[in-house]
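Line by line, the protein sequences give chains A, B, C, D and E. Going left to right, the first sequence walks through residues 1 to 264 as this note's numbering numbers them. Going left to right, the second sequence walks through residues 1001 to 1557 as this note's numbering numbers them. Going left to right, the third sequence walks through residues 2001 to 2354 as this note's numbering numbers them. Going left to right, the fourth sequence walks through residues 3001 to 3237 as this note's numbering numbers them. Going left to right, the fifth sequence walks through residues 4001 to 4386 as this note's numbering numbers them.
In case anyone wonders, no lab produced these hints; they're calculated from the structure. This one's a predicted model, so the numbers in the text were calculated from it and none came from an experiment. Incorrect hints may appear among the rest.
[Said to hold, decoys possible] Straight-line alpha carbon distances no greater than 30 angstroms define the calculated DSSO-like cross-link-like pairs of lysine-lysine that follow:
hint	chain 1	residue 1	chain 2	residue 2
1	C	K2218	D	K3154
2	B	K1232	A	K118
3	D	K3109	C	K2218
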Amino acid sequence: MANILTARNVTKTFGGLVAVNDFTLDIAENSISSVIGPNGAGKTTFFNCVTGFYKVDEGEIIFNSEQIQNRRTDVVTRKGISRTYQNIRLFSNMSAIENILVGQHPRLKTFWAEAVWKSKRFRNEELTALEEARRLLRFVGLQGMGDTLARNLPYGAQRRLEIARALASLPKLLLLDEPTAGMNPNETGEMTRFIQHLRDELGITILLIEHDMRVVMGISEQVTVLDYGSKIAEGSPKEIQSNPRVIEAYLGRGAASGLKAGKR
Amino acid sequence: MKINWKTTLRYGLIGGVSALYFSMIGMVELFAGRNLIGTTVNMGHLLLYGGMLAAGLLAARAHHQGKLAQHAVIGLVAGLSAAIPTALLVILHEFIPMQDVFVSVNNALIRFLTFERGLPGLLQFFLASGLLGLLGGLFDGIPTDYRRAVGTGLAGVAIVAVFSDLVTQVLTNLFGRASVNIFFVSKALKPVIALVLLLAIAAFVFMRDRRKANAPAAVAAAPLDKRAALRKQVILFVIIGALLAIAPWILGSFLSQVLFEVGRFVLLGLGLNIVVGYAGLLDLGYVAFFAFGAYTMGLLTTTTNLNLGGGVFNFWLALPIAVLVSVLFGVLLGFPVLSLRGDYLAIVTLGFGEIIRILALSDWLKPIMGGAQGVLFIPTPEIFGIVFDSPESMYYLVLAAALVAAFVSIRLRDSRLGRQWMAMREDEDVAEAMGINTVQTKLLAFAIGAGFSGLGGAIFAARLGNIFPHSFNLLISINALSLIIVGGLGSIPGVIVGAIALVGLPELLREFQEYRLLIYGILLIVMMLNRPEGFLPAEVFKRELHAGEITEPAEVE
Amino acid sequence: MLRRTLSRVSWVDVFLRIFQLVAAVVILIGLYKTFTTARYSSEQWATLAFAGLAQGSIYALIALGYTLVYGILLMINFAHGEIYMTGAFSTVFLAMYFNRIGFLQSSPVLAIIVLILFSAAVSTSIAVLLERIAYRPLRNAPRLIPLITAIGASFALQYTFRGLFGSQFRAYPDIAVLKGTWNILGFDVPLVQPVVFLAAVLLMVALYWFVERTKTGKAMRAVSEDKAVARLMGIDIDRIIVSTFALGGALAGAAGVFNGLFRPQGVFFLMGFFPGIKAFTAAVLGGIGNIPGAMMGGLLLGLIEALGPNLILEGLGIPAANQLKDAIAFLVLVLILIFRPQGIFGERLAEKKA
Amino acid sequence: MAMLEVHDIHTYYGNIHALKGISLEVNQGEIVTLIGANGAGKTTTLRTISGLLRPRQGTITLNGELISELPAHELVYKGIAMVPEGRGVFAKMSVQENLEMGAYHRNDKAVITSDLEYVFGLFPRLKERRRQVSGTLSGGEQQMLATGRALMSKPTLLLMDEPSMGLAPILVEGIFDTIQAINKEGTTVLLVEQNALMALSIAHRGYVLQTGQIVLTDKADKLKKDPTVQKAYLGVD
Amino acid sequence: GGGAAPLECTDAIGCVEVAAGEPIHLAYMLTVSGATATLGDDSLGGIRVALNDRPDVLGHTVELTGEDEGCSAEGGQTAGTKVAADPSVVAIVGTNCSGAAFAALPAISEAGMLMCSSSNTNPGLTDPEGGWLPGYYRTAHNDKFQGRIAAEFAYNELGARTAATIHDGSPYAQALQQVFAETFAALGGTVTFQGAVNVGDTDMRAVLTTVAADTPDILYYPIFEPEGNFITAQAAEVAGMENTILMGADGLLADTFPENSGENVVGMYLSGPYVTGATYDDFLAKWAEVIGGVPPSGFHAFAYDCTNMILDAIESVAQQGSDGTLLIGRQALRDAMTATAGFDGLTGSLTCNEYGDCATGEALAVFQITEAELNGGWPPAAIWTP
Ligand SMILES: Nc1ncnc2c1ncn2[C@@H]1O[C@H](COP(=O)(O)OP(=O)(O)OP(=O)(O)O)[C@@H](O)[C@H]1O
Ligand SMILES: Nc1ncnc2c1ncn2[C@@H]1O[C@H](COP(=O)(O)OP(=O)(O)OP(=O)(O)O)[C@@H](O)[C@H]1O
Ligand SMILES: [Mg+2]
Ligand SMILES: [Mg+2]
């Protein structure tokens, strides 16, 4: 399998603080991978580097054999990377369907002024876009909520809507930052299945950050562990679970044993 | 029920302070010169004793219920106490002349307050105040349906009398000058007419309320089916369209001129609405583009000033050029502010607006722009032998332009571009991460907004015939911003309502001169406090406000 | 490597750099020509500079009011210029009275202090009243709404004071002790300028200390960040917000009297409008919400206004250069903000944190 | 008499009826947990108790004193502190200043300093970052800061809204240990958690919320064994 | 006599009929809001004093209504349209600002009314090539007169050979200083600098420093308060201005000006209308009685004269019915106004020309401010008349 995303020696510093340190990562196409690590390890920072929110200080990021580091976020998105945010960032005063329509932006092609005389092309495009948005809404299980304002949706629904919005641009790679934070175990289970479903149905490569080990260990094929910005371990969930460094820095004895015990 | 004297006195004092305020700023005296009903009731009375009436009414209302006699007592006490502050002023004036400092506390005011009788006249003043307070208290006590009827009637009479200009103009246009004299003496309603009007309105309201109350509730609440609703809407549109089309004939030249002014600000508002309402970019220098439109029109069509193709272009040729120039400058001035957010943007755009005005005024560019002497002799538009030289004809021009702008606004709002703007307004970073080129999106907002404004400017120049830099000052930008927010940010009908409220109304209040802007300011505050979302808010903004809770949701990174 | 660097810059940046470059070159040419023609003596430059500093410190005092309120409510208190006017305008009558009874000349220091206190009291009351009536009910409304009530309040205050005191111009009386000159660095400077400057700086330092060090100051910063959480800390946010308005009002009131000492003429009901805009500009220039920023912004703006036209434009042969002084001030603002979108002292909005 | 008594409160967001008659009580020295699905009204309950929201109906008493009419800032003086959902750190202030804000209403300078050390002892990470501007902390670090800040007010009743959200597993354990520790030292805790299993493990009693109403209440270990609770909130199938 | 024939209107452009017992309707269009409000207040006071003088005109009272022209073209246009739409209006006093006049005039002229301005000075308004329309009159001085006279005074009387000017961006001041400069140059002098300040400026040191660089003999700044105050006061503080004579125009001819400007005002010259002592004192007394205080600016006398000229014209052309009805021919009224000659006004002897310039410039004078004015005396003595 080819690598869809490669980060090579990425370093990002804030003042004196090295948030991401000489980090190298390969993500195989059509895989589900996770990045885990203690709080403040630099996981979100790494996502921000990939999506163009941050400029990297050193290193390169290659997506589909194209360098994308330090490009503007809209450019990166149009190349096929979408993401969600650790603290949900929906367009909160827009309805669910409008959020998804905005997400479709990179796919729409008509000249903006055509809207004034409603050219045929424009009408067709709008129609299909709406169709597609409804489909996505159904896909994430929010049917019937299209006209609800994003801010009024329950928390879990907002997470799902954020994913739907990210999917709307037809990404090849989806970055999920703690998709199950703030969900109870039940909902977490649902989300896990949903992520798997995404990959299986749509063939999207998924990279996620999570602190919930049942999610991480349940669905990832590859787990990378960051600590103080540096990679301290990488491998299959099994390997990671028993890696003493990881247990020491991140899992803690209790969680590690809990995981083993709870293994199905 | 026990009477709460403290509350009563408090309301009395509030009324009294307002009466004192209006007296001390000279409003009472000036308004006293404007008769409302015959020569007996003038606007000074309205302003002064309105406070007493309100004090009585509110004090009584604060007591919830009680016997009519109690209402009367409360009202009387409130009214009397409301007279105290002003009375003190009168007494003080007797001993210490204050006119050197408080210019409005002059003999004329004192004469008005004391019924021309000097200090003894204060007795009469107290009497009048107490009476009004008593009436206010009683008013609160009478049964609701009577109260509504009488209240509406009184308000109706007051409105007709205050805005008699409007009424007389319409009457003159429809039935000739003579008809005015049936109802009015000079600007005041004839007493008999006032009484008839009061009774008519009151009777009407009373009957209507009765009918409504008797009608079975179910019928009133029955939802209209969709077809009927649509039909209703179509009819409404037709009526509005017809009214717009014949307005100048009904209204006559002055009111057409007012409509022209409203139309000009509707254009400005529609453009600014795109920038501020849709794209969320706070622009305080919006007048600059209006100036570009006006100056382009002026310089291209006039033969004086510089001979920059002077007279080569006629209005119709210059119009698109003016719009284009504005659009161009919209983009150019958009560049430097691309990276700025929120209030930084506001001040920089404000700065641009001022720079443009200062340059237009400057001696440096005088050879081109005319400096302080402005651009004179801009020809009136003309086509197929129709000369647009009157407010009536120009009204149609501005109406057409506003319709076009509104149409374009609506179409864009409902398109991808509209969504881009909205997303950018909500969260610029995320919008960009959605693949939206925010640079382009912002520039488009600036450019289109500038285009509308330039169009307005060009028409403005043609109507005025001469333009001066002073016509493009900061207040225009502020007014445009206020009107779109008062109307309801992001809403197109809102722009129109806002323009009528903040441009049309003050024009009708022109005779109140120096207090026009005071009224304008107070109006802005009152409107925002009562309807922060504006008169006709767009959906999005209604949502934003009515999520209201005690605290804002904490924003956490 | 070069290609990579190039790919990072967008055409917008290119445009802005060119814009900056052109502006810089024009300014340099102007400066060069001005200095080579040597029209003005260093004495004259010094007079201008000192006057600019004094004017700037008045801007700075007003700007602090904007910055304080902005910092805490994220709201542009558009009526702040009017708050300055109310103090200055009401106090002129007291000053005239003091002059008439001889108090102003016999014990000027005491008289001036009384005037400042009076002016500050008037401005503070108006500011607090305004907060109560026009802003507090709208605290949770979108930010443009209080901006509009502020605009409304601005008109209402202007015309209320016009109604009260008329449309005439008044002037603060001359104060004999302030008439002299002071020798600073070999230049004779009108005494009143350094006095105003120093007094203003003193006030500003006191304010800075207050906000940074005292508990109330810290509470102000907390309220400015998150009102709900601030309440959870036991902070009475209403009280804090009122204090902020009061503080801003007091400074504006003081500025009103300083202005009266320095520029006695032209006291009338619209006197607050332009200084208000200028002070707002100064606050933004320094980085709005930032106290040292407002001070530096004010001083800088004063200097630019005083020196700009003669220094830059005249050399370029522009007639009536002084007419363009505001244009220069705003242009400098634009140039600085392009370079530093957060203002001179403003906190970097960091890299966008997602 | 219970320390905190919430009696039949109804809270609204505009027209949204979020709490439909919640009644609960917390006794001195207890850890009580509220569990429920997203949007059940847990946060709203805490915000109402802490005075950030005002109930339209119903009463809340603390040690017999009616507090539902008091503004939030006065409740702090009565000993209530809250760790808000989403942390709510003062982003532009340093870590240390944030902690000091927690002790805003206290005047005992010397004790504050020792309390600061106590918090740093609980969260060494914060000590490392004490001068850093809080807005740039990672999510987990902010969570520690929020908890530490609430402790700085020396509350008698601590309201915690999802303190484990976004924390690394190793810290999750730590945070629950901390809660137990401060509880032992005499602080009463009302805890809202999605990690219901953990919450029920340390709590004495629990309430289950569903769409703004309390549907179940019991001893924590009983709830843990309740089949409906297990199915709905513990992810046991 | 009882059975007189009803009055008949034979006027080319119509008549106004004032029924018995009804007032004669005059209107004003002045700038009473905004920064120029003092101008409007001042002129309005003049009108009110005049009407107070003459409570009875041919047995009728005079009603005065008014509009704010806001000193802007658009304000003038709206106000003009509004006044023109009221056929009961006989004549108008206004506008204050020339820009407003240009925009208001078409509607007013079209409606057959006449308008007399107390402060329009733009030469174009009385120039048939430049915007004049029938029905326009003014008692204010055409800039051509005042600018010329000021320059002649400076060159011939003061012996100034170099001059600098400052205007404030108002069309009035800009035009006036331009005429001054041109005349001064034509006389043989050198104009070293023509500068400008902005309305609202308070710091004049920069522009004064520029002026000082050439040490001109005279500085002419025909502007208004408060900018004029600032220039006067700050001129004392700028090195190089010690020997420069200061001179302003009627915009500063207000009793508040000396006190507001401080000591440096002593010795300064002002050009303006020659308002003679006794009559003017009389006027001031009436002002204090009717309006209170003192006039805030320098145009009240012109407004007073305008009002009186209009009332005189009405008296001379109105046909009176036996029942007291008045019939005023509009063209006749204009003709009467144009025919005004040797009208003995507050601002001197006024004679209108066919394009409505009623102040010929003969009645202009130059005043010098002395210690007396600084201490509250007013008006200053005229030291020179052309
Ligand atoms: N804009 C910034 N400026 C300064 N420091 C920053 C910035 N963004 C992040 N940091 C620091 O970089 C480090 C890594 O932060 P990051 O948000 O990537 O952590 P994380 O791994 O996502 O942690 P968590 O799991 O808690 O979300 C943290 O110590 C944080 O304080
Ligand atoms: N600011 C708000 N405006 C309007 N409705 C709100 C607001 N905050 C919460 N709600 C609504 O109130 C209800 C209760 O929300 P609350 O936040 O209390 O739930 P919760 O139990 O804390 O959920 P979570 O587990 O997601 O934190 C939900 O239906 C939610 O949509
Ligand atoms: Mg993170
Ligand atoms: Mg919650």
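A quick look at each hint next to the structure:
Note on K2218 (chain C) and K3154 (chain D): the hinted pairing holds, with a Cα-Cα distance of about 20 angstroms set against a maximum of 30 angstroms. A threshold of 30 angstroms between alpha carbons decides the hint, and for K1232 (chain B) with K118 (chain A) the separation of about 26 angstroms falls inside it, so the pair holds. For the hint pairing K3109 (chain D) with K2218 (chain C), the CA-to-CA distance comes to about 15 angstroms; that is within 30 angstroms, so the pair holds.
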